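There are 2 protein chains.
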Amino acid sequence: MSSIKIKIQLVANDNIAMGPGKADLLEAIQQKGSISAAALSMEMSYKRAWDLVSIMNKSFKQAIIATAVGGDKGGGAQVTEFGLQILAQYRAIEAKANLAVEGETKALMRMLIDC
Amino acid sequence: MSSIKIKIQLVANDNIAMGPGKADLLEAIQQKGSISAAALSMEMSYKRAWDLVSIMNKSFKQAIIATAVGGDKGGGAQVTEFGLQILAQYRAIEAKANLAVEGETKALMRMLIDC
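Heads up: the protein sequence lines correspond to chains A and B, in order. This note's numbering puts the first residue of the first sequence at 34, with every later residue one more than the last. This note's numbering puts the first residue of the second sequence at 34, with every later residue one more than the last.
Treat the hints loosely; a few may be bogus.
The list cannot tell twin chains apart, which means a pair is met if one copy fits it or any two copies do.
[To be verified] Straight-line alpha carbon distances no greater than 30 Å define the calculated DSS-like cross-link-like pairs of lysine-lysine that follow:
1. Lys94 x Lys65
2. Lys129 x Lys80
3. Lys94 x Lys38
4. Lys94 x Lys139
5. Lys91 x Lys139
6. Lys129 x Lys139
7. Lys94 x Lys40
Simulated from the structure, these hints should not be mistaken for lab results. Source: prediction; values computed, not measured.
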């Protein structure tokens, strides 16, 4: 099978502030309500998920993920309002970039051996 | 410094048939006239350059790189006419995708801490 992937990476001070993996992680945190559950659902180590969250939080002007310490549920995390805006903007850029080159990418894919 | 990178990857049978690194390598081979000189100019190992060339050549319907064995110059390589067409199509897709989301990427970059 062949496909075209358009990866958008937002780079800040040599860190990738936002990219395909971080966007997926944000969506998983939003859905699961904690970083650990999100990491598990993505088959990602807890440490790696925390590292990605940390990079996002220090790259943007406001926090992307808010974490709660302790409490009945033993913590938990959620994507902030600001984080949801960044995520929506990122997904919109992905969609628009893909749409813009749809015809050209199909033409290029026809040059592959399995098409 | 912050920036947005839009990486286009053409995937065929789990291999990346064309992507940013392979496109740069094609341009270097075109300029240098051999895979070894191209690899050197990109600070890439000769083996890795050959592996990338091999993936490209087996992914597309026609050869992307033609190599000459022996002769006065001890070989050499050049991008085929077909390879040049693929490269041009790829660069055009990159440029069009970037242009399509220029305004949106600038807006997103303004949310980064160093902007």
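Results for each hint:
1. Lys94 x Lys65: within (25 Å within a copy, 44 Å between copies)
2. Lys129 x Lys80: neither (33 Å within a copy, 37 Å between copies)
3. Lys94 x Lys38: both (29 Å within a copy, 20 Å between copies)
4. Lys94 x Lys139: Between. Shortest inter-copy distance 15 Å satisfies the 30 Å Cα cut-off; intra-copy 38 Å does not.
5. Lys91 x Lys139: between (38 Å within a copy, 19 Å between copies)
6. Lys129 x Lys139: Answer is both; intra-copy 16 Å and inter-copy 14 Å each pass.
7. Lys94 x Lys40: Answer is both; intra-copy 23 Å and inter-copy 25 Å each pass.
Checked against the numbered hints above, the structure violates only hint 2.
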